[in-house]
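J.: Letter by letter, the chains look like this.
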Amino acid sequence: MKKLLVVSVVLVLFFAFSSVAWAQNQLRVMWAEYDGLTPEYAENLEKAFEKAYPDIDLVIISTPWNEFHDRLITYVAGGQPPDLSVIGTRWLLELLDMGVIEPIEKWLSEDLKNNIDPALLEGKVRGVLYGLPVAAGTRLMYYRSDIIDKPPETFEEMLQIALKINDPENKFYAVGMIGQKYVELTEYAYYLFGNGGYFFEILPDGSYGKCTVNDEAGVGALAFMNDLVNKYKVTQPGVTAYKRDEVQNLFISGNLGIILSGGFTATLLEQHNVPFKWDVAPMPHFEGKPQSTLIVTDSIVMFKDSKVKEAAGKFLDFFYSDEWRLEFDKLVGFPPVTKSLANHPYFQKPVYKVMIQQIPNAKGWPLMPEWPECNDIIWSNIEATFLGQKTPQQAMDDAAAEIDALRGF
Amino acid sequence: MFRKMIAREAKIAFWCLLPAVAFLMVFMFYPIFYVILMSFFKTNRLGNLVSYTGLGNYRFLFRRPEFWTIILRSCVWTALAVAVKTAFGLVIALSLNTDFWGRKVARSLVVIPWASSVPISAMLWQWTYNNDFGLLNHTLKTLGIWKNPPVWLAYPKPAFFANLWVDIWCGIPFMALVFLAGLQAIPTELYEAADIDGASSFAKFRFVTLPLLSGVLTVATLLSTLWTFNDFNVIYILTKGGPANSTDILITYIYKYAFQYLRFGPAASMAVITFIILLAVSIIYARAYFRERS
Numbered sequence: 001m002k003k004l005l006v007v008s009v010v011l012v013l014f015f016a017f018s019s020v021a022w023a024q025n026q027l028r029v030m031w032a033e034y035d036g037l038t039p040e041y042a043e044n045l046e047k048a049f050e051k052a053y054p055d056i057d058l059v060i061i062s063t064p065w066n067e068f069h070d071r072l073i074t075y076v077a078g079g080q081p082p083d084l085s086v087i088g089t090r091w092l093l094e095l096l097d098m099g100v101i102e103p104i105e106k107w108l109s110e111d112l113k114n115n116i117d118p119a120l121l122e123g124k125v126r127g128v129l130y131g132l133p134v135a136a137g138t139r140l141m142y143y144r145s146d147i148i149d150k151p152p153e154t155f156e157e158m159l160q161i162a163l164k165i166n167d168p169e170n171k172f173y174a175v176g177m178i179g180q181k182y183v184e185l186t187e188y189a190y191y192l193f194g195n196g197g198y199f200f201e202i203l204p205d206g207s208y209g210k211c212t213v214n215d216e217a218g219v220g221a222l223a224f225m226n227d228l229v230n231k232y233k234v235t236q237p238g239v240t241a242y243k244r245d246e247v248q249n250l251f252i253s254g255n256l257g258i259i260l261s262g263g264f265t266a267t268l269l270e271q272h273n274v275p276f277k278w279d280v281a282p283m284p285h286f287e288g289k290p291q292s293t294l295i296v297t298d299s300i301v302m303f304k305d306s307k308v309k310e311a312a313g314k315f316l317d318f319f320y321s322d323e324w325r326l327e328f329d330k331l332v333g334f335p336p337v338t339k340s341l342a343n344h345p346y347f348q349k350p351v352y353k354v355m356i357q358q359i360p361n362a363k364g365w366p367l368m369p370e371w372p373e374c375n376d377i378i379w380s381n382i383e384a385t386f387l388g389q390k391t392p393q394q395a396m397d398d399a400a401a402e403i404d405a406l407r408g409f
Numbered sequence: 001m002f003r004k005m006i007a008r009e010a011k012i013a014f015w016c017l018l019p020a021v022a023f024l025m026v027f028m029f030y031p032i033f034y035v036i037l038m039s040f041f042k043t044n045r046l047g048n049l050v051s052y053t054g055l056g057n058y059r060f061l062f063r064r065p066e067f068w069t070i071i072l073r074s075c076v077w078t079a080l081a082v083a084v085k086t087a088f089g090l091v092i093a094l095s096l097n098t099d100f101w102g103r104k105v106a107r108s109l110v111v112i113p114w115a116s117s118v119p120i121s122a123m124l125w126q127w128t129y130n131n132d133f134g135l136l137n138h139t140l141k142t143l144g145i146w147k148n149p150p151v152w153l154a155y156p157k158p159a160f161f162a163n164l165w166v167d168i169w170c171g172i173p174f175m176a177l178v179f180l181a182g183l184q185a186i187p188t189e190l191y192e193a194a195d196i197d198g199a200s201s202f203a204k205f206r207f208v209t210l211p212l213l214s215g216v217l218t219v220a221t222l223l224s225t226l227w228t229f230n231d232f233n234v235i236y237i238l239t240k241g242g243p244a245n246s247t248d249i250l251i252t253y254i255y256k257y258a259f260q261y262l263r264f265g266p267a268a269s270m271a272v273i274t275f276i277i278l279l280a281v282s283i284i285y286a287r288a289y290f291r292e293r294s
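These protein sequence lines map, in sequence, to chains X and P. Numbering-wise (full-length UniProt numbering), the first sequence opens with residue 1 and increments by one. Numbering-wise (full-length UniProt numbering), the second sequence opens with residue 1 and increments by one.
Keep in mind that the hints were calculated from the coordinates and are not lab data. It cannot be assumed that every hint is accurate.
As the list claims (entries may be wrong) - Under the rule of at most 25 angstroms between Cα atoms (straight-line distance), these lysine-lysine pairs were calculated in the DSS-like manner:
1. P/Lys4 <-> X/Lys231
2. P/Lys157 <-> P/Lys147
3. X/Lys233 <-> P/Lys11
As the list claims (entries may be wrong) - Just a few of them, taken from the derived set where beta-carbon distance is under 10 angstroms, the chain P residues facing chain X:
4. Gly47
5. Phe160
6. Val272
7. Phe275
What the hints assert, rightly or not - These stretches of chain X come out as covered by chain P in the derived footprint (C-beta under 8 angstroms, 3 or more residues):
8. 91 to 98
9. 179 to 192
10. 232 to 239
11. 246 to 258
12. 281 to 292
13. 382 to 395
What you are looking at is a predicted structure, and each value in this text was computed from that prediction instead of being measured. Note that beta-carbon positions come from the ideal geometry of N, C-alpha and C, so glycine has one too.
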């Protein structure tokens, strides 16, 4: 009996200590499921890293983009943040406001620091680097080059082409439009930026003033989108049911003439080996307005509560090596963020050229803690416009008033 | 001696129950207490209490017109879903209670929607509703039933009913199985006596089946009401509360405030309101149930 008790105690202690040791070496990385990125990539990365560092147990937590923000916040609010996480750089201030992010620079090797293009360090806030760029790219236009001879430069030209090629009887729609609420307000941003507008007034000190989506540019952008949907009916019907992947699927299946999207769509088109001809062109703009598009950057951040910061640094060095970054960049369709891959022959394709060509005039998302809620408010009002519940002016007036009230203006 | 034994037994019972009580306190009562507390406080983005605001969070909600719309929609959603689940469940249970060839297979088939997880069922229905590649509209068009069926998830009313149907579809098997168990507990002698009296099928249902099933009906509909009012999965997966918030119910609204906007104070107030509504419903049901029993 006594023997049994001793054996039991020893076993309990063994398992308790081994689980502590296990937990100490476990590195949890929240990983975004980018369009085009295959699950095999994450699996192979995990295996290769664990082979190189047998004492570290890498756990990649794959999450779809549309659920990423909420799942990450749930982890953080529940006191269980991962050690590293990919984030939309626009969420950085929100996380900083929560006080959960670690300055990342001291955990990076010199080689890695020197290999990142400084122009892409959007994760630097007040001189402190919190996020390392994971992906950065401007949005562009995809069109069916077997149907459209010359890509439109302006949205007005795009409408003229759309009226010619639209054929709803045969399930062919001229312009794809994302209408279901998504984690990113991309569709409206394309038309807003192309009309010379922005979401907020930029004050002289660089901070954000009142919401400006109800100015001429903001209302004009929504009015044009609404005309495409409801007046000219050149988009797929029932746009408010379509998320990004569904609109992409329509283009891939040959049911759309034009979509506005990111580099990942090119990867998907190549992966599917589509039977039609397609090409890319810079994002259109409105007549008399400068060309401008959305630039989206995602970063990888480290959490303050991480017990394995050194291991996290090792993982970053590993992931940012040319071998793994090249494959990652190819799959997600973004131009490289590392200098060592900038001139790689793979990135000389038109899709990358157009993305890089648009960078000087591109605009990013507002960096503010309240952005997820503002994003949601604007989305709801855009949907209300598409459903005929509000005019574009009413919708954007309501959105601006609610956002200003939320931000205390 | 006897008193001593009782005291000893009480002691043992106390120590045996203690872990369960501790578990309940930590994992059930503390979260409820904390949410109630949180509803009276301003919180930071991590949900920590910052400052006491009294009824501020409640006032904030009550001043928002959409909050009342969402309360009303939650009630309509629950009432419709529970009514249809009950009706379908009863019809299926009555059918499965009769003797016919293939009854075992039919009983197994009925369980399938309930045996599959709700998120997976919702995702399957999302594909079924898809306008371009979905089975539903393709079938409706091909069979000439509906030449131009709606894009189900794109417009407020079709989206609401599309969500509602998926919730109903997932919930019918539970009702059917519970009712079937209740039906099988009814003594066959009562039906035989009714037959001798020359009662019609409807009369047997009205005066034998329904009264003897009423206890099961009450409990099943109460459970269904509580689950349906809190059904988050279906709406979140199919429409995320859209288009233009037209399918939001209280539970999805709570999620938005808590995990998208990180405004835990109003979210906690909504959770308390949900708790009060469901508590009131449960009390009404319980009173009706026990009155009937007595």
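J.: Look at each hint and say if it fits the structure.
T.: The hints, checked one at a time:
1. P/Lys4 <-> X/Lys231: violated, 88 angstroms
2. P/Lys157 <-> P/Lys147: The hint holds at about 19 angstroms.
3. X/Lys233 <-> P/Lys11: violated, 77 angstroms
4. Gly47: Holds: closest Cβ of chain X sits about 5 angstroms from P/Gly47, inside 10 angstroms.
5. Phe160: violated, 13 angstroms
6. Val272: violated, 18 angstroms
7. Phe275: violated, 20 angstroms
8. 91 to 98: With 3 residues closer than 8 angstroms to chain P, the stretch 91 to 98 of chain X meets the three-residue bar; holds.
9. 179 to 192: holds (count 3)
10. 232 to 239: Since three or more residues must qualify, the claim that chain P covers the stretch 232 to 239 of chain X holds, with 4 doing so at under 8 angstroms.
11. 246 to 258: Held - the stretch 246 to 258 of chain X has 5 residues with a Cβ nearer than 8 angstroms to chain P, which meets the minimum of three.
12. 281 to 292: This one is violated; 0 residues, fewer than the three required, reach chain P with a Cβ under 8 angstroms.
13. 382 to 395: holds (count 5)
Of the numbered hints stated above, those contradicted by the structure are hints 1, 3, 5, 6, 7, 12, listed in ascending order.
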